[in-house]
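Engineer: Spelled out from the first residue to the last, the chains are:
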Amino acid sequence: MDGRSLIDVARELAAGSSEAHWRSSVGRAYYALLHEVLAALRHWGFSTPPRDRVHTFARLKLVYATDIDLKRIGLTLEALGRLRNAADYQLAQSSPFPSARIAVSAMTDSEAAVALLDALDANPARRATAMGSIPP
Amino acid sequence: MSTTAMVPVTISREALAFIDRLGQREELEAMIDRARHMVPGLRSIEVVLDAAAEEMPAGVVLWTHRDDIGLGNDPTHRNWIDWMAATFPPDVCQSFTLLPVHHDDGR
Numbered sequence: 183m184d185g186r187s188l189i190d191v192a193r194e195l196a197a198g199s200s201e202a203h204w205r206s207s208v209g210r211a212y213y214a215l216l217h218e219v220l221a222a223l224r225h226w227g228f229s230t231p232p233r234d235r236v237h238t239f240a241r242l243k244l245v246y247a248t249d250i251d252l253k254r255i256g257l258t259l260e261a262l263g264r265l266r267n268a269a270d271y272q273l274a275q276s277s278p279f280p281s282a283r284i285a286v287s288a289m290t291d292s293e294a295a296v297a298l299l300d301a302l303d304a305n306p307a308r309r310a311t312a313m314g315s316i317p318p
Numbered sequence: 127m128s129t130t131a132m133v134p135v136t137i138s139r140e141a142l143a144f145i146d147r148l149g150q151r152e153e154l155e156a157m158i159d160r161a162r163h164m165v166p167g168l169r170s171i172e173v174v175l176d177a178a179a180e181e182m183p184a185g186v187v188l189w190t191h192r193d194d195i196g197l198g199n200d201p202t203h204r205n206w207i208d209w210m211a212a213t214f215p216p217d218v219c220q221s222f223t224l225l226p227v228h229h230d231d232g233r
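Just so you know, the sequences run in chain order A and B.
One rule links them: number in the working numbering = place in the first sequence (from 1) + 182.
One rule links them: number in the working numbering = place in the second sequence (from 1) + 126.
Hints are not guaranteed to be accurate.
Just the calculated beta-carbon pair ranges, DEER-fashion [said to hold, decoys possible]:
1. A:226 - B:134: 43 to 53 Å
2. B:166 - A:301: 22 to 32 Å
3. A:304 - B:231: 42 to 52 Å
4. A:277 - B:199: 32 to 42 Å
The set of hints was computed from the structure by calculation and includes no laboratory data.
Just so it is clear, CB atoms sit at the ideal spot from N, CA and C, and this is done for glycine as well.
Construct all of the structure, not just a fragment, from the sequences and the given hints.
Structural biologist: Next comes the structure, spelled out in structure tokens:
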């Protein structure tokens with residue numbers, strides 16, 4: 183299974199009828215992008231750290247890349263991670279989740295970032311530039 | 127694009143202390159100014175500290191309370207990320223996140 187399959191689950195949850203569905207959708211959207219980023223980094227020759235450190239590893243590799251598209255993907259992952267924190271850990275804070283709206287936005291952002299990663303990886307010249315811009 | 131220069135901004139004491147420790151108050155002010163001009167239907171901005179969780183260090187979240195303009199394609203967040211990526215170095219980018227709170231109360 184690949185990470186992007188989770189976007190379909192995020193979509194199903196976003197179509198649900200309760201705040202619990204919408205909060206859960208945000209988590210799937212985050213993990214979809216996280217796993218796609220990790221797969222790309224492995225494909226590009228980076229060794230991934232133990233499980234508890236993969237979140238920081240993936241985010242910082244991209245945010246600190248000098249390639250602007252990788253940085254955009256890293257910032258999207260950062261935003262989805264913060265939103266996931268609110269969705270999973272701040273249950274008393276209901277205001278971001280009064281409707282499916284934010285879950286749909288998160289899913290759309292995750293999908294767009296995966297598409298950008300695909301486009302970058304499919305172009306050998308762009309891929310080489312991007313890989314070279316990632317700090318060791 | 128709407129210009130909402132006078133929308134109220136609140137910054138929590140914890141967020142301000144965190145930002146001052148990083149020495150990034152000027153960057154926060156630039157972000158608030160940008161959000162005022164970039165976020166359609168903006169009502170208010172709430173700046174809070176997001177405490178460290180198991181996978182993420184602490185960071186600042188700018189919650190932008192805004193009108194819900196529906197489920198159509200809304201490029202606001204992607205435009206924001208483009209601006210952040212082009213404007214700030216990584217050490218600033220990794221400490222600040224803008225997120226929406228959509229209000230559909232018809233106001």
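Engineer: If a hint holds in the structure, say so; if it doesn't, say that too.
Structural biologist: A quick look at each hint next to the structure:
Checked against the hint of 43 to 53 Å, the pair residue 226 of chain A and residue 134 of chain B passes, with Cβ atoms roughly 45 Å apart. Remark: the range hint 22 to 32 Å for residue 166 of chain B to residue 301 of chain A is upheld by a beta-carbon distance near 27 Å. Roughly 44 Å separates the CB atoms of residue 304 of chain A and residue 231 of chain B, a value that falls within the hinted 42 to 52 Å. Separated by about 24 Å at the C-beta atoms, residue 277 of chain A and residue 199 of chain B break the suggested range of 32 to 42 Å.
In the structure shown, a violation is registered for the earlier hint numbered 4 alone.
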